[in-house]
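Peer 1: Here is what each chain is made of, one letter per residue.
2 protein chains.
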Amino acid sequence: MDSISCPFPFQQYPHVLLAHGGGGKLMQQLIEKMFTVAFGPKPATGLHDSTVLNLPTSKIAFTTDSFVVRPLFFPGGDIGTLAVNGTVNDLAMSGARPLYLSLGFILEEGLEMESLWRIVRSIKTTADAAGVKIVTGDTKVVDRGKGDGIYINTSGIGVIEHGLSIVPSSVKAGDVILINGDVGRHGIAVMASREGLDFETTIESDCAPLNDIVSLLIKAGIDVHCMRDLTRGGLASALNEIVQDVSRTIQVSEAAVPVREEVASACAIMGFDPLYVANEGRFIAFVPEDQSSRALEIMRRHPAGQGACRIGEVLADSRPVVTLTSYIGASRILDMISGQQLPRIC
Amino acid sequence: MDSISCPFPFQQYPHVLLAHGGGGKLMQQLIEKMFTVAFGPKPATGLHDSTVLNLPTSKIAFTTDSFVVRPLFFPGGDIGTLAVNGTVNDLAMSGARPLYLSLGFILEEGLEMESLWRIVRSIKTTADAAGVKIVTGDTKVVDRGKGDGIYINTSGIGVIEHGLSIVPSSVKAGDVILINGDVGRHGIAVMASREGLDFETTIESDCAPLNDIVSLLIKAGIDVHCMRDLTRGGLASALNEIVQDVSRTIQVSEAAVPVREEVASACAIMGFDPLYVANEGRFIAFVPEDQSSRALEIMRRHPAGQGACRIGEVLADSRPVVTLTSYIGASRILDMISGQQLPRIC
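Line by line, the protein sequences give chains A and B.
Numbering of the first sequence is given in the working numbering, commencing with residue 1 and proceeding in unit increments.
Numbering of the second sequence is given in the working numbering, commencing with residue 1001 and proceeding in unit increments.
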């Protein structure tokens, strides 16, 4: 699907106008000549206010996420890849098989139509890769200066086809915490791109769908207790959210958490701690100790889990804190971030 | 649920900060001390990336809508009431029983926390009235000058518990078109409020949930062929969208379309045609001629349908146009709006 295949009249309308969100002819043209070109033909029954779906089961997961990342395009992805993978991953973290996404655009008057088409293509490609369909959408346009090019909301529906209860309260003392790879790349990629920083090696976002690797774990019979993807606030915030619901101490070894050398250097230069930096293709899984080696093997065989490793465990101690054992063996509390380390990273 | 019942520290944080969307302590405080106060306690299993739901059936409707109305508060409603009723109504138009909504906030740095709380309460009250639950959410904050106070996305899931196929392609020649009341109030209410216009009578938005009146029609066995709510672009655009999918001529009588006197006057002053002005509690239903009187009776017994009436019919002619018979008996084509009559009305 290249630029040429889009019948939208880019020369006539090189930029988004307020009328493209007004419910009239221009909005209809945008939908028919751009969106339905990417996301599939108009249904034979006609476009309607909502989409009727027959699910394979009535036990579902439902989630929503808005994306306001700046800049819109960055090494390793763009706001479109984020918008799909972010919601796919939120569904996967409940052990659901993601099936359907909605797509809500808030466009700023003046956005280049070519940029919109690039993002639409990216959404389509990413959705295909993750095995999900965009089934319903909405477009609004706000006046120039009241947005930032484009904001995207995706909501998602997935089906739950197993008997596990993958939630914080299922975490038990003795559980082992696994991660599927190195941390900090997404946040640093976006920040470097935003600030125009040029490192020796271009750091690319780790943005990736996690539903496939998760389904392998579940299908293999791993008794996954909880999972969480490491987005805003990074690994440290995800662990802190979970300890609060679990009322157990989590112990993590700093040396065990993989950080690429170039990410560590960039963090040192910019004054960030990679444990707090956002990722978009990383998750932690809480699994019983006696299944952890097998779970790691499964993860490592998948492209999204080649760098998988064990980073810590859940203690019997009921204090809801995360302790970090440093390289030199000292232990300190790894707190939730109090302010905003990296704004508008997703 | 009044202001006093909210434990959020308004004095300490009178305005939204970037950190309220940063994934750290401040965001957690906002969620726990404001959002979960309104939308129900944190589940015993812990807050998670997506919400697991057991639906009563696996045939569902799914829809999404973003809301960017300006101003945020207007006579008869606010962005919160719109965000709930808009999505509830999109589900109802497919004949679905709306059950669950997601809620995505894009907040602008500097928004008054008291305004946010007022909107949150409004969402809660409106959701309760419509019988839907907010089950998952997301909050992002964009820098000052990159938003307009607040944008809201709601996506919704409803269940379909009947055998009708309520879609444009079900419309047949001979169908009668019913409307549930007068048109044009929402758009005029918002526009008058935005422009500071002071009419003799305050025109209030018609914003209302339509799921209940729709379910009465379906339960009574009315063979509803299609429905559509009359939002952006108004009655004229809704009719035009449908004729394109149906390939039949629709004939509407101008005199039959109810318009309140004050709305007609305001439209005359501002240069609008009420047939193109947005509504948020109005819909049209296509029903077989021989059931139309009974359908009207049912609608009129409901508070949302007291002004229900017949406005037109579907002809056997296969030209996909909407013709309007004027007060003096002349007939003209009622086209889809080409530009943007009223920007940011929803």
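These aren't lab readings, by the way, just hints derived from the structure by calculation.
Treat each hint with caution, since some may be false.
Claimed, not checked - Here are the computed lysine-lysine pairs in the DSS-like style, where the Cα-Cα straight-line distance is at most 30 angstroms:
id, chain 1, residue 1, chain 2, residue 2
1, A, K172, A, K42
2, B, K1059, A, K219
3, A, K33, B, K1172
4, B, K1133, B, K1025
5, A, K33, A, K133
6, B, K1033, A, K146
7, A, K59, B, K1059
8, A, K59, B, K1219
9, B, K1133, A, K133
10, B, K1146, A, K124
11, B, K1124, B, K1033
12, A, K25, B, K1172
13, A, K59, A, K146
14, A, K146, B, K1219
15, A, K172, B, K1172
16, B, K1219, A, K33
17, B, K1133, B, K1059
18, A, K124, A, K25
19, A, K25, A, K172
20, A, K33, A, K124
21, A, K172, A, K33
22, A, K59, B, K1146
23, B, K1219, B, K1133
24, A, K25, B, K1124
25, A, K25, A, K59
26, A, K59, B, K1133
27, B, K1172, A, K42
Peer 1: Next, verify each hint and record whether it holds.
Peer 2: Hint check:
| no. | hint | in the structure |
| --- | --- | --- |
| 1 | A:K172 x A:K42 | violated, 48 angstroms |
| 2 | B:K1059 x A:K219 | holds, 26 angstroms |
| 3 | A:K33 x B:K1172 | holds, 28 angstroms |
| 4 | B:K1133 x B:K1025 | holds, 26 angstroms |
| 5 | A:K33 x A:K133 | holds, 19 angstroms |
| 6 | B:K1033 x A:K146 | holds, 28 angstroms |
| 7 | A:K59 x B:K1059 | holds, 12 angstroms |
| 8 | A:K59 x B:K1219 | holds, 26 angstroms |
| 9 | B:K1133 x A:K133 | holds, 25 angstroms |
| 10 | B:K1146 x A:K124 | holds, 27 angstroms |
| 11 | B:K1124 x B:K1033 | holds, 15 angstroms |
| 12 | A:K25 x B:K1172 | holds, 25 angstroms |
| 13 | A:K59 x A:K146 | violated, 39 angstroms |
| 14 | A:K146 x B:K1219 | violated, 44 angstroms |
| 15 | A:K172 x B:K1172 | violated, 60 angstroms |
| 16 | B:K1219 x A:K33 | violated, 39 angstroms |
| 17 | B:K1133 x B:K1059 | holds, 19 angstroms |
| 18 | A:K124 x A:K25 | holds, 24 angstroms |
| 19 | A:K25 x A:K172 | violated, 57 angstroms |
| 20 | A:K33 x A:K124 | holds, 15 angstroms |
| 21 | A:K172 x A:K33 | violated, 52 angstroms |
| 22 | A:K59 x B:K1146 | violated, 39 angstroms |
| 23 | B:K1219 x B:K1133 | holds, 23 angstroms |
| 24 | A:K25 x B:K1124 | violated, 35 angstroms |
| 25 | A:K25 x A:K59 | violated, 39 angstroms |
| 26 | A:K59 x B:K1133 | holds, 17 angstroms |
| 27 | B:K1172 x A:K42 | holds, 20 angstroms |
Consistency with the previously given hints fails for numbers 1, 13, 14, 15, 16, 19, 21, 22, 24 and 25, ordered from lowest to highest.
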